[in-house]
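Novice: Chains A and B, in that order, are what the protein sequence lines are. Following this note's numbering, the numbering of the first sequence begins with 191 at its first residue and continues without gaps. Following this note's numbering, the numbering of the second sequence begins with 111 at its first residue and continues without gaps.
One or more of the hints may lead you astray.
A few chain A residues that face chain B, going by a derived Cβ cut-off under 7 Å, partial list only [unchecked claim]:
| hint | residue |
| --- | --- |
| 1 | F243 |
| 2 | T270 |
| 3 | S290 |
It should be emphasised that the hints constitute simulated quantities derived from the structure, not laboratory data. Bear in mind the structure is a predicted one, so any value in this text is a computation, not a measurement. Note that CB positions come from ideal geometry on N, CA and C, so glycine has one too.
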Amino acid sequence: MGELIRLEGIVKSFDDTVVLNGIDLSVDENEFVTLLGPSGCGKTTTLRIIAGFEKPDEGRVYFEGKDITDLPANQRPVNTVFQNYALFPHMTVGENIAFSLRVKNRPEAEIKKKVANALKLVNLKGFENRRIDQLSGGQQQRIAMARAIVNEPRVLLLDEPLGALDLKLRQEMEYELVRLKKELGITFIYITHDQEEALTMSDKVVVMNEGYIQQEGTPQQIYDEPVNAFVADFIGDSNILSGQMVDEKVVRIDGVDYPCIDGTKEGFPPRRRVDVVIRPEDIDIVPYGEGLWNGTIVSKLFIGVHYEMLVQSEHGKVEWLLQNYDQHDVGEKIGMYVDPENIQIMHKPKSEAEHAIELDL
Amino acid sequence: MIAKKSYSIPFIIWIIAGTIIPLASIAFYGFTNREGNFTFDNVMAMFRGDHLQALGLSLLLAFISTVICLLLAYPMAMILRESKYGKQGFLIFVIILPMWMNFLLRTMAWQVLLERQGVINALITAIGLPRQEMMNTPGAIVLGMVYDFLPFMILPIYNTVSKIDNHLIEAAYDLGATKGKVYTKVILPLSVPGIVSGITMVFIPALTTFVISNMLGGGKINLIGNIIEQEFTVNSNWYLGSGLSLVMMVFIILSMLMLQKFDKTGGANLI
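Assemble the whole structure, with the sequences as input and the hints as a guide.
Specialist: Spelled out as structure tokens, the structure:
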């Protein structure tokens, strides 16, 4: 699996607003890469630059080592599934899917076969003659997929394709997309602001904010080892606390010293001020006094599978978020324990602005 | 949110007074002779030589004007669509501006320009070219029609093309279409409703006008509108005028039906 697409130092601004601040990104052949971030983080602009709809102000785009920065969209070996599907309303389903083949003047017999094939791939066999306005949102989504893959692109770009679907359909489509990618054996670059979608489907997640790549890695890496408070906060629920290294591999949070697994070697020498993230599901409830610290449960919510509790610590002013399968009552005094492995130490941002963070992965 | 039925009464009265009664009286006069008996003569009079000739010329000039308007308006509407937002409002304003002036005055202005002693001839002779006869020609009438009706072509087309989702155009490029194919396969088909309304709004008034042909044709070129007008005003023959009007209405309905065939979205966008 070699490198397929590479972005080098992409800078883009619209009317004095800098949208991308020097993006470097490498996408391997056959990879499912997700660009994840809040709206306005630059993920859509990045995708549009790869598709060829926008030209970067600075930086180059490479495809298989060839510079395609100046290649127009209609000559790039990539196809896009648009957020609003962008199906041609004046054409039938079949004509929509056949569009890319017709503009290339392929023989009709081949077109017919390929369209039928594409429809089969998205489980909408026999839909050729339907009109676009007769389709449900989920069906339109599948047709948009079929239209984008019928021409066998090397890369499929997906711009929040599941954004308009309801939760159940979205989860179904997540499985569909993974299956489709396996069957096609092509590269997917996927855009979403939904962390669950990103974690479920991707080989690689690229977290973006304010025009910078904050972190890239496997879903597991991103979840377990966020490099900064933004990533930790964006990916799932977490307790993000200010702390300080007090000794080699000992960190003080909430007025208590905890053992952790990061030390000078990882870039966190004693006395360094740090951010600490602890996932709520990593906090174990133990009898009062037997844990690393003690607290009182101040609120409790039942969220389907587990209970979510807020615990007021006795040591400092911190309110901890806990997720636990066992029920405990509000007002109960408990002890809490966290495995040192689950205390994730992160660098403090050098300034208030998140983008000032220097990433050293 | 269901409006009371009584709210519709003013509109029903309006439709009866403004549409049904006039139409009924045109139909009554059209099928009646001076003695008050039923007759097809007034309607069949359209097929008399001079009337047919006027009708043919009207159709021809209206057709030419509509085609010229379409050829001018479509690129114009596309330019308006592409141009930046702030500029759009201003350009549309400039296009609509002449419509704030009276239609007769605007046509009269062309008289001043085209006359034998007019502004254009003054310029032509000033550079040593021979004086041109421009007034009272079919060309002058077409010019007047295009000038007066062009905004009615631009606005509906602009209205339609400005609503074409940019993503559709991007999708077409993304799927490998060249610029030409994007136009013929996506943009043009999606502008059909606007083109159809534009054609309707130009062709029908151009076909029935008598003011423009009066003012720029000098009464020497008779369009069917002039003949109908003269029957009502000069000859006071309401019967013949009504009969000819009925035939014209049939022509207009037929042309609209033909246009509808091109518009897949059906009649909803007509006018």
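Novice: Work down the list of hints and note, for each, if the structure agrees.
Specialist: Against the structure, the hints come out as follows:
{"no.": "1", "hint": "F243", "result": "holds (5 Å)"}
{"no.": "2", "hint": "T270", "result": "holds (5 Å)"}
{"no.": "3", "hint": "S290", "result": "holds (4 Å)"}
In summary, this structure violates none of the numbered hints.
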